[in-house]
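Could you put the whole structure together from the sequences, leaning on the hints where they help?
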Amino acid sequence: MDEILTNRVEDLRIKICSGKVKSKDIVKACFAHIKKIDSKIKAFLKLSEENSLNQALQSDDKIKAGAKCGFLEGVPIGIKDNIMVKGERMTSASKYLENYISPYDATVIEKLKAAGAIFVGRTNMDEFAMGGSTETSAYQKTANPWDIERIPGGSSGGSAAAVSAGMVPFALGSDTGGSIRQPASFCGVVGYKPSYGLISRYGACALASSFDQIGTFSKTVKDTALLTSIIAGKDYRDPVCEPKEWIDLHNIDDLDILRALKIGIPKQLLDYKTDVEITKHFNKAVNKLKLEGVKIVEIDVPAYRYVPALYKVIMCAEVSANIATFDGIRYGYRSPNGKSLNDEYAKSRAESLGYEVKKRILFGTYVLGAKNYYRCYHQAQRVRTLLINQITDAYKKCDFIFSPATLQMPVKFGETLSEECDIFLIAANLAGLPGITVPCSFTGLGVPMGVHFMGLRFSDAKLFQVANAFERISEFDVNKYPTL
Amino acid sequence: MSKYETVVGLEVHMQINTKSKVFCECSTQFGLEPNSNTCVICSSQPGAIPILNKKAVEAIVKTGLALNFDINKQCTFARKQYFYPDVAKNYQITQLDMPLCSRGKLTITIDGKEKVINITRIHLEEDAGKLVHEIGSRKLDYSLLDLNRAGIGLMELVTEPELRSPDEAFEFLNELQNIVEYLGTSECSMEEGKMRCDVNVSIRPVGQREFGTRVEIKNMNSISGVRDAIAYEVERQKEVFNSGGKLVQETRLWEAKEGITKSMRSKEGALDYRYFPEPDLVPFDLPDSFIEDLHKQVPELPKARKARFIKDYNLSEYDADYLTSVKMVADYYEEALNASKDKKSSTKLLANWISTELSAKLNASKTCITKSPVSSQNLTKLISLILDGTISGKIAKIVFEEMYEKSSDPQKIIKEKGLTQISDESTIIKICQEAIFENPKAVAEFKSGKERAIGAIVGLVMKKSKGQANPQLVNKILIEKLKD
Chain A
1 MDEILTNRVE
11 DLRIKICSGK
21 VKSKDIVKAC
31 FAHIKKIDSK
41 IKAFLKLSEE
51 NSLNQALQSD
61 DKIKAGAKCG
71 FLEGVPIGIK
81 DNIMVKGERM
91 TSASKYLENY
101 ISPYDATVIE
111 KLKAAGAIFV
121 GRTNMDEFAM
131 GGSTETSAYQ
141 KTANPWDIER
151 IPGGSSGGSA
161 AAVSAGMVPF
171 ALGSDTGGSI
181 RQPASFCGVV
191 GYKPSYGLIS
201 RYGACALASS
211 FDQIGTFSKT
221 VKDTALLTSI
231 IAGKDYRDPV
241 CEPKEWIDLH
251 NIDDLDILRA
261 LKIGIPKQLL
271 DYKTDVEITK
281 HFNKAVNKLK
291 LEGVKIVEID
301 VPAYRYVPAL
311 YKVIMCAEVS
321 ANIATFDGIR
331 YGYRSPNGKS
341 LNDEYAKSRA
351 ESLGYEVKKR
361 ILFGTYVLGA
371 KNYYRCYHQA
381 QRVRTLLINQ
391 ITDAYKKCDF
401 IFSPATLQMP
411 VKFGETLSEE
421 CDIFLIAANL
431 AGLPGITVPC
441 SFTGLGVPMG
451 VHFMGLRFSD
461 AKLFQVANAF
471 ERISEFDVNK
481 YPTL
Chain B
1 MSKYETVVGL
11 EVHMQINTKS
21 KVFCECSTQF
31 GLEPNSNTCV
41 ICSSQPGAIP
51 ILNKKAVEAI
61 VKTGLALNFD
71 INKQCTFARK
81 QYFYPDVAKN
91 YQITQLDMPL
101 CSRGKLTITI
111 DGKEKVINIT
121 RIHLEEDAGK
131 LVHEIGSRKL
141 DYSLLDLNRA
151 GIGLMELVTE
161 PELRSPDEAF
171 EFLNELQNIV
181 EYLGTSECSM
191 EEGKMRCDVN
201 VSIRPVGQRE
211 FGTRVEIKNM
221 NSISGVRDAI
231 AYEVERQKEV
241 FNSGGKLVQE
251 TRLWEAKEGI
261 TKSMRSKEGA
271 LDYRYFPEPD
281 LVPFDLPDSF
291 IEDLHKQVPE
301 LPKARKARFI
311 KDYNLSEYDA
321 DYLTSVKMVA
331 DYYEEALNAS
341 KDKKSSTKLL
351 ANWISTELSA
361 KLNASKTCIT
371 KSPVSSQNLT
381 KLISLILDGT
391 ISGKIAKIVF
401 EEMYEKSSDP
411 QKIIKEKGLT
421 QISDESTIIK
431 ICQEAIFENP
441 KAVAEFKSGK
451 ERAIGAIVGL
461 VMKKSKGQAN
471 PQLVNKILIE
481 KLKD
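If you read the protein sequences in the order shown, they are chains A and B.
Mapped onto the numbering used here, the consecutive letters of the first sequence carry residue numbers 1 to 484.
Mapped onto the numbering used here, the consecutive letters of the second sequence carry residue numbers 1 to 484.
In short, the hints are calculated from the structure, not lab data.
All values derive from a computational prediction rather than experimental measurement.
Glycine is no exception: its CB is placed at the ideal position from the N, C-alpha and C atoms.
Hints should not be assumed to be uniformly reliable.
[Claimed, not checked] Which stretches of chain A does chain B cover? Using the computed rule of at least three CB atoms under 8 angstroms from a CB of chain B, they are:
#, stretch
1, 199 to 211
2, 364 to 374
3, 427 to 433
Here it is as structure tokens:
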């Protein structure tokens with residue numbers, strides 16, 4: 001692997017802007033590396049080599065001419081295939097959108113374009129982001145770069161694997177129920193889901209609108225903060241995107257922060273069967289934090305036990321409505337076998353949507369039916385409020401909630417993760433809170449495991465400071481790349 | 001045969017009069033190229049998010065305030081799900097539990113008596129697009145979809161089942177149309193589809209408290225069509241009862257040409273809309289100041305204006321009713337009146353001219369009074385020329401023709417055509433003498449006591465003077481001469 005690819009974005013952008021490193025060289029190195037290893041990983045659904053190189057040359061020319069360059073001028077980035085880039089194909093890894101060309105740019109894409117970033121390619125994912133293994137993609141299965149027999153996690157498995165294997169320095173993903181943080185943890189990179197409403201959702205193919213957030217993958221917390229500073233901010237095109245105050249994401253170096261910090265660990269962690277390796281390394285991490293002066297407190301959030309059920313009910317309900325627009329009428333796959341309007345709807349969907357998507361549509365349709373609404377959907381919303389209240393109470397005792405990112409290690413293809421595996425991640429989506437997973441250790445399996453910090457809504461800047469401080473004391477070697 | 005009472009409730013949809021659609025920036029302009037007035041939001045592209053048009057909320061709240069509604073300060077939306085191509089998302093954004101306006105009322109006058117009709121609610125929702133199944137008379141073996149109308153704001157008003165006859169429904173809709181027109185919140189023409197009305201009709205034996213089986217009728221395209229459809233449906237239901245049959249709860253279509261209702265679908269086929277709160281639009285509170293400001297914007301309504309016209313302008317009930325039933329007519333009237341130097345003596349004459357001459361001309365050329373070729377100022381000038389004796393009423397009609405055709409000033413016309421009334425006594429005496437001389441038969445009749453015979457002589461004078469002789473003066477002089 002080319003040395004140039006081990007650059008962190010914070011350094012890379014300065015090197016490119018000062019002319020020390022040519023954008024052309026880094027982009028070329030990316031593609032060379034992708035060509036070499038992606039046949040094994042299959043992180044990318046589509047690459048834009050020619051475009052990227054042209055853009056890189058333009059950036060280099062701009063810099064040479066002394067023109068003002070963007071914050072991420074000439075820096076390559078991977079984009080999950082459910083984010084709209086004008087004129088580019090966006091499949092959401094579904095057969096339904098196989099030939100769909102985005103008619104507009106997502107807000108985050110607009111911002112990245114303005115910053116001068118280069119979109120290397122579209123990363124693989126679970127179909128419409130439904131799944132936790134990237135196996136439901138209609139196109140290909142992505143491998144975990146640390147062990148290619150194992151899943152990378154999902155749904156943003158392509159972005160996680162690409163960053164982990166050094167194919168791109170960072171990438172965008174989306175997180176509805178752990179879809180960034182779980183694969184980040186499985187692949188040994190930093191995965192971040194912002195507070196609900198910090199980053200515009202405009203242009204991200206909707207899964208469950210009340211949980212969806214665009215977020216980031218990178219090798220380090222600093223790069224995550226840097227990327228977030230570019231894409232975050234109020235957007236009139238997403239009415240829920242209304243950060244309360246502007247968050248300064250540039251200055252996250254505060255090593256003293258751990259000294260006065262109170263971190264809460266959910267008592268409920270003990271209720272679950274956690275992988276022994278994960279427990280071992282998590283406890284080591286807790287001890288390290290203690291040594292830095294962190295005060296560890298136990299918090300009690302009994303409603304954690306309802307997380308899988310209530311997430312499933314609300315998420316599937318919203319899925320059933322959001323996916324309804326994919327009906328074969330205006331764009332996307334239309335069955336040639338339809339004999340009437342309803343038959344055409346049914347066949348277009350039956351022939352183009354995958355099993356997991358259908359399952360969720362059916363479940364969501366069920367829980368919203370007039371007979372089931374109060375018993376299922378309404379009840380789930382009430383329990384969600386209960387969970388939020390309990391978490392809010394817990395924050396009276398601590399500044400951040402700390403847990404293993406997942407309760408299981410990445411499984412082999414075809415094996416399934418338990419329903420509880422991601423509950424500490426999903427809780428952040430249910431409560432609209434920011435969460436970040438940071439690599440913690442390599443386990444005996446040779447695969448990394450990560451930890452998760454969750455903060456109060458819009459405490460994202462402080463969350464970065466804490467995660468950054470943890471990264472420094474973590475035994476995980478950020479400079480190590482998988483050998484492929 | 002027992003006597004039956006008719007029970008009617010109305011659901012009225014009115015397109016909200018705003019420049020742009022309710023959840024996107026597309027224009028609401030009518031009659032554009034199919035699908036030219038669409039965007040990523042109203043055509044439901046992936047990643048698009050609705051943005052609420054505050055003007056639509058204002059229009060509904062204003063309408064609610066004018067109809068004595070309680071305004072719900074919390075604004076929430078729901079998704080109503082059903083598959084049909086005219087709703088691109090396959091769900092409609094509407095309001096369920098908390099409409100913007102609850103419990104209002106409208107007073108109608110029926111057989112000279114006032115009756116208060118309670119209105120359950122007014123809520124905000126989006127209009128659907130249009131499906132075209134035929135071009136001209138050629139039936140297509142496919143359907144065409146036009147989304148230009150999709151996403152235009154609608155206010156849906158639902159009455160209590162308190163209307164008791166087709167005429168009451170007719171009066172209600174007319175009065176509602178008047179008020180909404182006064183408010184300017186909808187153009188509400190049923191002919192243009194800007195106002196649509198579904199009717200629930202049932203009958204019950206007089207004295208029975210329980211409601212009978214209700215039938216919904218759709219597809220009326222005029223207010224009189226609503227009246228006719230109810231009248232037909234009541235008769236149909238009576239026949240079913242009297243022949244010992246049983247009514248089924250169903251939806252029926254009004255076929256205007258045939259003048260009958262036809263069954264469309266039964267209650268068993270009714271859809272489960274799987275409503276749930278719209279996650280893309282966060283509930284928000286309407287500030288008190290917002291509602292207060294709108295309260296101030298509610299203009300004088302037709303009933304109040306009519307009463308004022310009768311009181312202040314000394315108009316008859318009939319004239320006041322005619323003038324105030326359309327806001328623009330009443331505005332025209334008052335504009336004209338305000339331009340008049342002698343307001344007091346002009347009120348009645350002006351009302352007459354508007355309700356007869358002007359309205360006949362406007363109707364014949366299908367012109368709106370706001371675009372009348374005769375401006376309110378010019379009509380006032382004409383009226384004062386009549387009042388000060390410059391021209392006779394008869395001449396005024398000739399002048400008016402010219403004014404209407406050429407949009408010109410009456411004084412100019414009179415000057416150009418030499419139409420000024422002859423009020424010079426010696427000139428009139430001369431003409432009168434000629435007329436008496438030329439019509440000895442009438443003179444003899446008059447002298448023998450047949451006073452009506454004077455008419456023939458007056459006619460002759462007017463003919464000789466080309467209608468310009470002052471008729472009062474002619475009368476006076478003739479009587480003097482004949483009685484000599």
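Hints the structure violates: just list their numbers, smallest first. 3
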